Structures are given as C-alpha cells and as structure tokens.
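Colleague: Same order as they appear, the protein sequences are chains G and S.
Just so you know, we're using my numbering here: the first sequence kicks off at 1 and counts up by one.
Just so you know, we're using my numbering here: the second sequence kicks off at 432 and counts up by one.
Note that these hints are calculated values from the structure, not bench results.
Being a predicted model, the structure only gives us computed values, none of them experimental.
It is possible that part of the hints are untrue.
[To be verified] 25 Å max Cα-Cα, derived PhoX-like pairs, lysine-lysine:
hint : chain 1 : residue 1 : chain 2 : residue 2
1    : S       : 586       : S       : 599
2    : S       : 599       : G       : 175
3    : G       : 431       : G       : 357
4    : G       : 163       : G       : 431
5    : G       : 431       : G       : 300
6    : G       : 409       : G       : 158
7    : S       : 515       : S       : 586
8    : S       : 536       : G       : 357
9    : G       : 316       : G       : 357
10   : G       : 175       : S       : 586
11   : S       : 515       : S       : 530
12   : G       : 243       : S       : 536
13   : G       : 431       : G       : 158
14   : G       : 163       : G       : 409
15   : G       : 175       : G       : 99
16   : G       : 243       : S       : 530
17   : G       : 431       : S       : 586
18   : G       : 235       : G       : 175
[Said to hold, decoys possible] Not the full set, but computed from the structure, chain S residues with beta-carbon under 10 Å of chain G:
hint : residue
19   : 485
20   : 486
21   : 489
22   : 540
23   : 541
24   : 546
25   : 547
26   : 549
27   : 551
28   : 560
29   : 578
30   : 579
31   : 580
32   : 581
33   : 585
For every residue, glycine included, the Cβ atom is placed at its ideal position computed from N, Cα and C.
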Amino acid sequence: MTVNPFPRFTAFVRVACMGLALLAGAAVQAQFRVDVAGIGLNQLPIAVSAFRGEDGAPQKIAAIVQADLERSGQFRAVDAAGVALDELTRPDVALWRQKGADSLVSGSVARLADGRYDVRFRLWDVVRGQDLGGQSYAVTQGDLRLAAHRIADFVYEKLTGEKGAFSTRIAYVTKAGPRYQLWVADADGENAQSALASPEPIISPAWSPNGAQLAYVSFESRKPVVYSHDVATGKRRLIANFKGSNSAPAWSPDGRTLAVTLSRDGGSQLFAIDAAGGEPRRLAQSSSIDTEPVYSPDGKLIFFVSDRGGAPQIYKMPASGGSAERVTFTGSYNISPAVSPDGRWLAYISRVNGAFKLHLMELAGGGVTVLTDSAADESPSFAPNSRLIVYATQQQGREVLMTTTLDGKIKARLSGQGGNIREPDWGPFQK
Amino acid sequence: MKKLFLVLCTAALMAGCGSAVKLDNVPVEDKSGTSISQSGANGDGSAVGKSGVTSVDVGKSTQQAAVPAGARIVYFDYDSFIIKPEFQTVIEAQARFIKADRTRKVAIEGHTDERGGREYNLALGQKRAEAVRGALGLLGVSDAQMEAVSFGKEKPAVLGSDEAAMAKNRRAEISYR
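Using the sequences and the hints, build the whole thing.
Modeller: Structure representation (structure tokens):
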C-alpha cells in the first residue's frame, strides 16, 4: 500500500483492511465539549461513537471528530451513547436509522509497545448499509488530536465532496495581564503552543503560504516592527524596521513578497518587500492612510483600506501598484479585508451605528450580508477551504475567538488558551 | 412503466433491509506499521516542540532614558489629530529641552482610544505622533532627534470604555529614549 507521510507530524496513513470481528467491550460515553450555536439548513446527521479504548487514552478522539464536524455547520450530531462499537464491528443499520443518523463513525485507540498510539476508524453509510472506508494511524501522544482531525477531514470529504480544513492550524495572540503571547494551535483552538512571549503587544500575525512562517508586528523595541518567524525553529528575521511605524504584513500567494504599511516616508503608506529582505518598493501614493493590504488568491490584486475618500473604505489595485478602485460602498467605516482562498468572497469589518460587525461581500455581484449580531468584531480570516471564517469578538466582556459559516447560521466559540484572545489568522492546508 | 415500478419496489425493499448488502471480505492487516521519524530533516528532534513549534521569549521591557519634569503628553479629540491651543506650552517646553542637548533622542508615541480596528488605529495614532513631531520641528527640533511611532489602541493609559477613560487614551507621548 502507498505510504503518505506528513512531514511535520508523525501520523502514518495506511488504508486498513478489516475483517469482521466480534463486538468489543462496552463503550463509555464521550464527554463532548462543543460550544456550537445555530440552526443550519441541510445538515447531514452523523453519529460518532466513542472509540473503543479512548477512555484510557489522553484524548477523546470521538469528541474531537464530532466537534469538528459540528463546527463546520454541515453536520448535525446524533447521540451515539450506550452503543459499544469499534472499526471492525458491523453496525446495526436499523438501530442507527432509527436514531436518525445517515452516517456513523466508529473506531478504536490502542497503546502500542513503543509508546505510540494506534488509532483506527471506519465510516459507515447507514442508509445504504455501506462501508465508506477507514484508515489507521500510528501516532505519538502529541499527535493524537491531529489523528482525530484527519478522521474528521476524511469524513467531511467523503460525505460533502469538499476538502476538510480540520487538520490545519491557526495563530492567535493572547494578553494575560502585562504578558502577550503568540500561539500556534489546532484549527479548533486547542493544543496551543507558544511561538513568542513578550512584555509588549503583538498584532497582525500572518501565515506564509507554505505554513512554515508567521509574519507579525511586535512592539518589543517600543515601536511597531515586522518580523518573519519560522515556527518550527523559533528563528526570526526582521522584515521591516524602518524609521517610524512598520505594520500590517501580508504575504503574496507565491510567498516571495510581503506587502506592509510603513510610515518611513510620512503617514501610513503601502510598500512591497522581498520575503528575503531588501529595499521596499512603494505601491501607492496618497496623502491619506493606506493600510491592511491583502493579496487576492491569484496574486494579481491587493485589497486594502484607505481613507482617501474621507473615511476608511476598502479598495483594490494591481499587486504591482497603480490606480485603485473602491470596493465597499455601504457604511462609513469598512476595514480589515480578508479574501477567501477560492476568490469568491470578501470578509471585512463594518461599523454600523457604532458597533463593529463582520460582513461578507460576494465579489462577483457585490451583494453584502451581515454575519453577526455582536458589536466588537475584529480580524476575520478564512479557512483554507473557504467554508468558515474565524474572527475575534467579545462575549461578556471577554475577548474570544469564534468561527462562523458563510451564511452566518452556525457559530462556534473556540476554546483554548485563557486570558483575552485576539488577532486570529487561519493557516494553509498542510502539504 | 410496470417494469420500472417493479424495479423501484425492489429497490425500496432492498434499501429497507440493511442486511441485504454484503460487506467486503478483506484480509487481516499487518500490525507492525512503520512511521516517519519525528525529527526534522536535520535529524535532531530535541530542539523542536512536539508539533513543530519552538518558543521564543523576548524578556522584559527596557528602561527609559532621563526625562524632563513636567507634562509630556498631548491629548486629542475623537477622530482628530489637531493639536489644541492648550497644549502649545507642553510642546514649547519639550522643544526647549530636546534642543538643549543634541544627543537627546525622543520617540513621539501616538495612541488612540479602543474603538475600531487595530491596524487602522495604528495609522491614526501615527497621525497624532506626526502632528506633534511637526509642531516640535516648527520650533527648531532637528528631525534626527525625533522618531514618530504609533501604538494604536494597544497601550491605553486608562482602562475603561467611558468617555473620560477614552479621552485619556487619545494622546501623543514624548518619550526620551
């Protein structure tokens, strides 16, 4: 069978060939920690049964898989409590049909002699009584969550036909007292590892297209400076430390250029810098504030914020610079553009009656919808499959991260690090 | 039509009986799997975190240089970077102090209140810092002694969402470095 290595992780994918087997011992109900709200249309009902052996394992695989699928907005969880299964057990399809499920995931987790874990699963279509496939992974304890996310990706792709983004990473910043940290976490916000700790603010993290670097703005030298930071090694390089303020880094899709906002020539103006370093090239000339550049996925355009018209609006121009065309026309304050990887959507923050709310524009037609009813939204970022947006907002006075479907109907609050959480950026698909 | 109806009925019956569908009979798998080495290409896994993240700590804030007595802060109205007349004396006093010693360096730090996005507020704070730099420059302070930077909304002087707190955050501070 072909081996499919994950360069950064130890999971090892094999297509498992299973025979029929007797039922395993009783399964214990998994603890589901999901904070999903909303009613979606056309959700696929799926049961994810507790994995045999997960009770003794450090991670509750089934709960992670189920939370991923629910957060996508395209699945509705069916209670799988009280039925003991593993990946070898042929399910009683009548039972699951009666529970209202169309699909079922079952599996097992076992400790290997070398200390790693053997995670196996199978996906069943309980309408047609078909085995839709399964896989097995041999992973270290640290990669158990990744194995669960890979299972969720498999299920998502098999049942929706689209690529899952559950095993991708997000970056975010926390502030706890006087201390700031930049974290790299699973896409569900968990399993966060600190990439940078600082007594001064960190803002605007931006993943490189290959997922290996994070560009960000650090105030550790008591002025804003742009770094590019290799996540695996901790090595970082100064991208922009010119006189004045340096901020708003954005990677070109080929990873070779960073667009930044510099005040070295006065004001806040847009420049392009080679990712390897060098002299910045000015992209636009205005006597206004130009900031928050983002490249279109095809690399041909840069969307950005400018108040050249009197108030901040979103514009677009050729990536090499040139005349800009206004994109947002509703509302008097539109900032923080994010373009979906499929190029179809523009997410941004618009101030409406003093409240800052996440909006979505369909780029082809220009139609705009409001996605939230919160009042302090910031920093939207698309999942690499263009199906979810992560953003920062406030709930009961605390800064939190949320995800939303593009229709605004299914929202989830991400758990994860304590303290105030802000500035999320969703990383790319892992190669 | 009748044939189609029969086919449909049969299909419906088949769908209703789950046990009608056979599972594939497949061979038992090889349990002694191999896996990719945990470490990176250089073979040294000890420096790398378990999911490929190495932590960096930039430590404590540095100390400030000698500062003059008296006010160093200019406050601004909402959405404005115009220096109000009442702050002219602050600027004049600071200009005198900076000019008195050519080696003195100041950073003029612009700030905003908490409303609005972080990057746009960074740019607004920059305008406030540059307004004060311009005023100092008009009084003869050399450009080489000044740097206008912004903290946007990241470093409020006063926590709180009421107008009194926000008014104290819309400011430019002259910081001796």
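Colleague: Confirm or reject each hint.
Modeller: Each hint tested on the structure:
1. About 11 Å separates the Cα atoms of residue 586/S and residue 599/S, which keeps this hinted pair within 25 Å; it holds.
2. Of the pairs offered as hints, the one joining residue 599/S and residue 175/G holds, with about 21 Å between alpha carbons and a cut-off of 25 Å not exceeded.
3. At roughly 34 Å between alpha-carbon atoms, residue 431/G and residue 357/G are farther apart than 25 Å, so this suggested pair is violated.
4. With a C-alpha separation of about 13 Å, the suggested pairing of residue 163/G with residue 431/G holds against the 25 Å cut-off.
5. Proximity of residue 431/G to residue 300/G is assessed by CA-CA distance (about 23 Å); at most 25 Å being required, the pair is judged to hold.
6. Note on residue 409/G and residue 158/G: the hinted pairing holds, with a Cα-Cα distance of about 23 Å set against a maximum of 25 Å.
7. Distance restraint check for residue 515/S and residue 586/S: the Cα-Cα separation of roughly 22 Å lies within the 25 Å cut-off, and the hinted pair is therefore satisfied.
8. Pair hint residue 536/S plus residue 357/G does not hold up; C-alpha atoms about 41 Å apart against a cutoff of 25 Å.
9. Proximity of residue 316/G to residue 357/G is assessed by CA-CA distance (about 21 Å); at most 25 Å being required, the pair is judged to hold.
10. For the suggested pair residue 175/G and residue 586/S, the alpha carbons sit about 12 Å apart, so the restraint of at most 25 Å is met.
11. Taking the CA atoms of residue 515/S and residue 530/S, the gap is near 23 Å; set against the 25 Å cutoff, the hint holds.
12. Restraint check: the Cα-Cα separation between residue 243/G and residue 536/S comes to about 13 Å, which is no more than 25 Å; the hinted pair holds.
13. Proposed proximity of residue 431/G and residue 158/G is supported: the alpha carbons are some 20 Å apart, at most 25 Å.
14. In summary, the hint linking residue 163/G to residue 409/G is supported, as the alpha carbons are separated by about 21 Å, within the 25 Å threshold.
15. Using a Cα cut-off of 25 Å, the hinted pair residue 175/G and residue 99/G is violated, with the two alpha carbons roughly 44 Å apart.
16. The hinted pair formed by residue 243/G and residue 530/S meets the criterion: a straight-line CA distance of about 20 Å does not exceed 25 Å.
17. The straight-line distance between the Cα atoms of residue 431/G and residue 586/S is roughly 38 Å, outside the 25 Å bound, and the hint therefore fails.
18. With a CA separation close to 22 Å, the supplied pair residue 235/G and residue 175/G stays within the 25 Å bound.
19. The interface hint given for residue 485/S is met, as the beta carbon of that residue sits about 3 Å from the closest beta carbon of chain G, less than 10 Å.
20. Because the closest C-beta pair between residue 486/S and chain G is about 5 Å apart, less than 10 Å, the hint holds.
21. Hint status for residue 489/S relative to chain G: holds, with the closest Cβ pair at about 5 Å, below 10 Å.
22. Look at residue 540/S: its Cβ gets to within about 8 Å of chain G, closer than 10 Å, so that hint holds up.
23. Of the supplied interface hints, the one on residue 541/S holds, with its beta-carbon coming within about 9 Å of a beta-carbon of chain G, less than 10 Å.
24. The beta carbon of residue 546/S is positioned within 10 Å of a beta carbon in chain G (closest approach about 8 Å), and the interface hint is therefore held.
25. With its C-beta approaching chain G no nearer than about 7 Å, residue 547/S sits inside the 10 Å limit, and its interface hint holds.
26. At about 5 Å, the closest approach between the beta carbon of residue 549/S and any beta carbon in chain G falls short of 10 Å, and the interface hint on this residue holds.
27. With its C-beta approaching chain G no nearer than about 5 Å, residue 551/S sits inside the 10 Å limit, and its interface hint holds.
28. Below 10 Å, beta-carbon pairs count as interface contacts, and residue 560/S has one with chain G at about 8 Å; its hint therefore holds.
29. Here the hint on residue 578/S is kept, as its CB sits about 6 Å from the closest CB of chain G, short of 10 Å.
30. The criterion of a C-beta within 10 Å of any C-beta in chain G is met by residue 579/S, whose closest approach is roughly 6 Å, and the hint holds.
31. The interface hint given for residue 580/S holds, since its Cβ lies 4 Å from the closest Cβ of chain G, which is under the 10 Å cut-off.
32. With a cut of 10 Å, the hint placing residue 581/S at the interface with chain G holds, because the nearest CB-to-CB distance is about 5 Å.
33. For residue 585/S, the interface hint holds, the least distance from its beta-carbon to any beta-carbon of chain G being 4 Å, beneath 10 Å.
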